[in-house]
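Student: Okay, here's what each chain looks like letter by letter:
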Amino acid sequence: MADSAARPLPTPTGPILPTIGKSDTKPTWCPGCGDFGVVAAVESALKRLKIPAHNVVIVSGIGCSSNLPHFLSSYGFHAIHGRCLPVAEGIRWANHGLTVIGTGGDGDGFGIGAGHFVHAMRRNVDLTYVTMDNQIYGLTTGQASPTSSMGQKTKSTPTGVIEHPIDPIALALASGATYVARGFSGDVKQLTDLVTGGIEHKGFAFVDVFSPCVTYNKINTFDFFRQRVYKLESAGHDPTDIVAAWQRSLEWGDKIPIGLFYRTERPTYEELEEVLAAGPLAHQPAGLRGRESVLDEFV
Amino acid sequence: MTDLAVRAGGQAGDGIASIGETISRCFSRMGWHVFGLNAYQSVIRGGHVWFQARTSDGRPYSQGDQADVLYALDKQTVAVHAPSLRRGGTIVHDPEKFAIAESELPVGVKALGVPTLEFARKYTSQSILQNAAGMGASAFLAGIPLELLHEVLRDSFGKKAGDVVEWNLGASAAGYEFARAHAGASDHAISKRGAPKLLMNGNAAIALGAAAAGCKFLAQYPMTPASSIMHWMAAHSQSLGVVVKQAEDELAAINMAIGASFGGVRAMTATSGGGFSLMVEALGMAGMTETPLVVVESQRSGPSTGLPTKTEQGDLNLMLGAGQGEFPRAILAPSHPAEAYRATIRAFELAEAWQTPVLVASDLHLSENMATVDREELPMDVDVPSLSTVEPNGHEYKRYLYTESGVSPRALPGQPGLQFVAGSDEHDEKGHLVSDVKSGIPIWVTERARMMDKRMRKLRGLLAGAEPPAWEGPPDAELTFVAWGSTLGAIRDAMPVLAAQGRRTNLLHFPTVYPIDADRTRTELAKARRTLLVEANYSGQFGHLLRAETGVYLSERLLKYDGEPFYPHEIVARALEVMQRGG
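These protein sequence lines map, in sequence, to chains D and C. The first sequence begins at 1 in the working numbering and counts up by one. The second sequence begins at 1 in the working numbering and counts up by one.
Simulated from the structure, these hints should not be mistaken for laboratory data.
Here are the simulated BS3-like cross-link-like pairs (lysine-lysine), alpha carbons at most 30 Å apart as the crow flies:
(1) C:Lys398 <-> D:Lys47
(2) C:Lys438 <-> D:Lys218
(3) C:Lys160 <-> C:Lys192
(4) C:Lys398 <-> D:Lys50
(5) D:Lys26 <-> D:Lys218
(6) C:Lys438 <-> D:Lys22
(7) D:Lys50 <-> D:Lys231
(8) C:Lys438 <-> D:Lys155
(9) D:Lys26 <-> C:Lys438
(10) C:Lys430 <-> D:Lys22
(11) D:Lys26 <-> C:Lys398
Which bits of chain D does chain C cover? Going by a derived footprint, with three or more residues having C-beta under 8 Å, they are:
(12) 88–98
(13) 286–296
Idealized CB from N, CA, C, for every residue including glycine.
Build out the structure end to end from the sequences listed, making use of the hints.
Tutor: Dropping the structure here:
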């Protein structure tokens, strides 16, 4: 291929390649918001894996939780509402040497972005998607979300929600995600393990997090979950068993499972896209200089 | 002067486009410039379709008005197209399928009954082979050597099963010899006159231009008439090292392209008006995050689903206004595959230089119809500079640094020490949000305005880097056509016709429809004695833009919104009317 088209990216210089830390922007979430636990878990997971901050891109959509990229010291892309995943996929395909983490809320991911959620999972794009699921629209001051419970009264549903909620775990299993987990921001230690596992996992890793909204959701509170959650790893669940994962995903009520539902190995999109076998796209040569024979088919 | 056209018509599924492409390729290999019009409907089988392969002494820029040879696969084709035949023209048909009465023939037009089905039956029971026989007869009438027809057929079948190729060669030879025995060649028959030319549609030229510009990522959702950009790129994905992603919808397509661009490659998406309507919000995100992006908008007849297989220039207002708020953009409007190639390269260069979205406005007429191009018109010597424009230098890195040009230093993920967050919210020089806790506080009110000013300053650079309005034809014309995009083709073909009638006309066209240099455009328009605005839309959208930008109102208009492309005779008729009215 044309030599002139080669354009290597600048290589790391200097000895210090710091891992992720907090940025100079303080979180703007309400005091007590569940999302504090999630940003702490994401930071801890990336530190534990010693991934340099410059090789991480955290992508989000719009919503309270989607402000997360601003609070950490990696690269970030704070996109428009619902489009976290296609932006994240594009970044991965441009440079699959990067660690890409998608973040956002239940409205962003399962409402306006539901189509992308399903397709990113069936593609098994190698990224980690962490949703801060508070079952309410917070930034727009308290309307029903796709995961709000039947009967829940909100500003947009004063007499109660009359739509069955989406089950993100079951949807992920049905869509072909290869790592499906649920965490609780009241248990940052387990959440850190789940996010770490998701980043390490080769393929699409989905971590849905109960991340209570302390302002607009008076039903699904920290206490609500503390009283109900139990850990799958303590209950003898086998995360390689898809049928067991399905069964656990249906549990809701007095007992709600958290932990790793399912994990499997399948080739990633990046592995199957043959163009990427030559290395990250951003490092590959570009242009047609010296490739004039491409015109021969038009004769 | 030679002007020769072979037209074939029949039902969708009859293989009309293959006949037309084969004849077009024969012409282009003989060294002649070609324009090939493929007129079809939004069905896979049934419905009237036709193809016109036209060549001429000069370069044909449109399908022209008339044909010399009409190969009619059904009776409807005769009824629809016989009136378009020139005196001395011939209708090729198979009497076994239908007869043509003397009374159905225009004056000076002959019918040549060719036993195409009979020739086909010698080889196979598949009636599609009749096309080869009819094509053979048509090729003879057009002066195409049989050996050339056979060479083109062999190439188009490629590595397919040998029998099919042999059948086609045999049936086409039979049709060719039949015509030689029963009819003379057309009065306009041509002979070889130079090196083969390249035959391509606008979409192939756009895809090639993108690849030449260093595009490494194309995300697209299928939509006529943009789909074949994806088809060409997908077919060359591995050899050229371009990732082609068919996305779940246009929302994903443009957002993936933006992600890929942010991630460090030149990226593009392409669609038609319906898909572009879905992309509108993300277009603004590219503007706000200052992420380079090329979007091809190949227009078709709207509104809504409209006429999916028919052309229009009805999306200019949409392209101009796409996205809430204001951000800098450019809209380039090529009119011919050779221009589409260069415009696409320029779009990438502008998007990269000014870190903002650039649109390439095509339409069905340009995207899907074929024209010839010389190799020299497709220069591949395109520099693809490093997309990162900054190295760590010990100073605090500001991704959105205020600069005179409006362009800030751009880092790519993976570069150490330059981390930043690209935000669709309003932000400060470092990329920090000013949209929540800071909004409304006086210092940040000022910052917001400064950041808007910085972004919008890029319009000046876009204007300086884009192709200015251009003139074609004699300077001292009675009438100046004002037009953009694929509409130029019929105007370029109409001007010599008018000249032959002693009427001097010229053309002022806009390779860049936005931004507009108001002063310069006013000056150029002032040179025209009288103008005729020609656009393929209902309201004269470009005329509105010119008026808004320059204050000049172009009152004489030829607007067309029936889905069909402009024909030179329509331009001629309207131009004569305007000129004869005088004043």
